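Undergrad: Here's the letter readout for the chains.
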Amino acid sequence: QKEVEQNSGPLSVPEGAIASLNCTYSDRGSQSFFWYRQYSGKSPELIMFIYSNGDKEDGRFTAQLNKASQYVSLLIRDSQPSDSATYLCAGMLYNQGGKLIFGQGTELSVKP
Amino acid sequence: EPEVTQTPSHQVTQMGQEVILRCVPISNHLYFYWYRQILGQKVEFLVSFYNNEISEKSEIFDDQFSVERPDGSNFTLKIRSTKLEDSAMYFCASSDREGEQYFGPGTRLTVT
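If you read the protein sequences in the order shown, they are chains A and B.
Last residue of the first sequence? That's 112 in our numbering, and every number before it is there in order.
Last residue of the second sequence? That's 1112 in our numbering, and every number before it is there in order.
Because the hints were derived from the structure by calculation, they are not lab data.
Keep in mind the model is a prediction, meaning the values are calculated, not measured.
Taking lysine-lysine and the DSS-like style, the derived pairs with C-alpha atoms no more than 30 Å apart in a straight line are:
{"no.": "1", "chain 1": "A", "residue 1": "Lys-2", "chain 2": "A", "residue 2": "Lys-67"}
{"no.": "2", "chain 1": "B", "residue 1": "Lys-1042", "chain 2": "B", "residue 2": "Lys-1078"}
{"no.": "3", "chain 1": "B", "residue 1": "Lys-1083", "chain 2": "A", "residue 2": "Lys-42"}
{"no.": "4", "chain 1": "B", "residue 1": "Lys-1078", "chain 2": "A", "residue 2": "Lys-2"}
{"no.": "5", "chain 1": "B", "residue 1": "Lys-1057", "chain 2": "A", "residue 2": "Lys-2"}
Start from the sequences and build out the full structure, keeping to the hints where you can.
TA: Next comes the structure, spelled out in structure tokens:
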């Protein structure tokens, strides 16, 4: 069974702090990883994607991938109350029609 | 900014009835997907569609489900005989390659 695991949280950080969200996956055939943000009652919104080992930065967001440890993370710098949402990690396997396997999501709360 | 649209936003139907959920993917995208999310649970892959045929489908996507691209813009999901357990948010997504997927706002399906 191919799984993507996340701590469900809630993770609470003060405004301006760094939020660190983590994800592990079970299938070494996983090719690419995606971070989505989902506000309550809304659809997933793509934040970042990462295909290669290492770090990838986009504004306040940094995604990190370690394929040897089967570990993906998302760092949010200078966290804002508007970042409060559930963050979904998703993995994509090679040659499976683009199927995304989602984790259960980590709820982030940024306190003013 | 181009976006995926879905109609209706909320569909209420009786058990055993057929429903069709509609999606208009982003115009230059070639890959289309349906996912569902039961309240409080993970986002689950249903099916992917490319070049007018199904690329991949999950165990959930049984004979009661079908997808169609009836014209150059719409992508539909049909559930032939709805069950109570089909109640969920259904998300359509699209991508220009097997990569980053952009989700629509979703259709909330309630089966009574």
